[in-house]
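With UniProt numbering, the residue at position 253 of the sequence shown is 253, and numbering never jumps.
These are calculated hints, taken from the structure and not from any lab test.
Be aware that one or more of the hints could be misleading.
Result set (PhoX-like, lysine-lysine): computed pairs, CA atoms no more than 20 Å apart in a straight line [claimed, not checked]: (1) K218 with K208; (2) K176 with K158; (3) K150 with K185; (4) K200 with K158; (5) K200 with K185; (6) K180 with K158; (7) K150 with K180; (8) K180 with K199; (9) K200 with K210; (10) K199 with K210; (11) K180 with K208.
Listed next, with one range per pair, are the computed distances between beta-carbon atoms [claimed, not checked]: (12) L74 with P216: 39 to 47 Å; (13) F62 with N214: 35 to 43 Å; (14) M63 with M242: 16 to 24 Å; (15) K185 with L133: 15 to 23 Å.
Predicted, not measured: the structure shown is a model, and the values here were computed from it.
For glycine and all other residues, C-beta sits at the position ideal for the given N, C-alpha and C.
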Amino acid sequence: MSQSSDQATSSTPARPMVKETNKEGRKQLPSIPDTQTQAAMAARPKQHGSIVKANTNSYGPFMLEYSLMAEYNLLMQQKTPGCYVIPSAMSSLVWYGVLFIRQGLYQEGAFKFTVIIPDNFPNGDCPSLVFDLPVFHPLVDPLTGQLDVKRAFQKWRKNVNHVWQVLLYARRVFYKIDSKSPLNKEAAELYETDLESFKKNVAESVEKSKERLNDPVKSDDPHCLRFSPWDPSIHEESRQQMLKTKVMGSDVVVEENNSPNDAVRSSENESDNGPRNGAPQPGVSSKGLSWMKPGSVQIFARDDPALA
């Protein structure tokens, strides 16, 4: 008797767990919870969602920094001619750059610009590119200097579009002019109807960019591009380092005469009977050099004289 009573006693608490049915064999719906229980149940999903969101956002700055480092690495691999860019020292979302135009209607132009990358990159809108001085061009806003980048990137696609493509597009617009749906209607109209007047305005814009190239920079950012007139006491040492290459562990120094087009190669380890005008020697590293003609910002490019 005691054993059966113990079993009956132990089985009593489990009775509410059994689904009750009515006399017809249908299942009974659970009772409606009270107000406090409903409030507690409703709060649980919201609390869980906020925790997940906070954990996800905590990785945001690191992922953004990594993405921008990868973008700049891709940019350096592209080696876009006449385009020089460096990220800001204060914000990786801001890049400073300059475009040197070497031929075409905008030849000799030196256009400084700033690339502004959205903080939700690469999942957001495309980066914007703003010239320091508004350029007379159909696709450049005459008031703000902003280039119409969305014309080429209507929707920014992650892992497909990259910042270097924006810079390549900015360079291309000066060689292949598009006057459809312009930001500068005057420039577009002159390009279509009065090409000589368009060229005149372009020449003025190019000349202004050259005159203002050495203007003091207002920004405190140490990476903001700064130009200054040629000063041998400051620049000559760096120039000689640029002209210096390595040949099989020894130095090859390029000495330039008064004429920038004349160069004499000298090497301590090179024999007098060695090739001077033939094929480049094994082990010689190649460096492409770009220099400005004295008294102007016109760029003339040539290969390293050590390979000539």
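Against the structure, the hints:
Our distance criterion of 20 Å between C-alpha atoms is met by K218 and K208, whose separation comes to about 18 Å. Annotation: proposed proximity of K176 to K158 is violated, straight-line Cα distance about 27 Å (limit 20 Å). Using a Cα cut-off of 20 Å, the hinted pair K150 and K185 holds, with the two alpha carbons roughly 17 Å apart. A distance of roughly 41 Å separates the Cα atoms of K200 and K158; the hinted pair therefore is violated under the 20 Å criterion.
Distance restraint check for K200 and K185: the Cα-Cα separation of roughly 16 Å lies within the 20 Å cut-off, and the hinted pair is therefore satisfied. Pair hint K180 plus K158 does not hold up; C-alpha atoms about 27 Å apart against a cutoff of 20 Å. A threshold of 20 Å between alpha carbons decides the hint, and for K150 with K180 the separation of about 13 Å falls inside it, so the pair holds. For a cut-off of 20 Å, the pair hint linking K180 to K199 stands: about 18 Å separates their Cα positions.
For the hint linking K200 to K210, the alpha-carbon distance of about 16 Å falls within 20 Å, and the restraint holds. Only pairs whose Cα atoms come within 20 Å are accepted, and K199 paired with K210 is accepted, the gap being roughly 17 Å. Straight-line distance between C-alpha atoms of K180 and K208 comes to about 26 Å, which puts the hinted pair past the 20 Å bound. Between L74 and P216 the beta carbon distance is about 32 Å. The supplied range of 39 to 47 Å is therefore violated.
For the pair F62 and N214, the beta carbons lie near 39 Å from each other, so the given range of 35 to 43 Å is met. Between M63 and M242 the C-beta distance comes to about 37 Å, which lies outside the given range of 16 to 24 Å. Range check, K185 to L133: Cβ separation about 19 Å, and the 15 to 23 Å hint holds.
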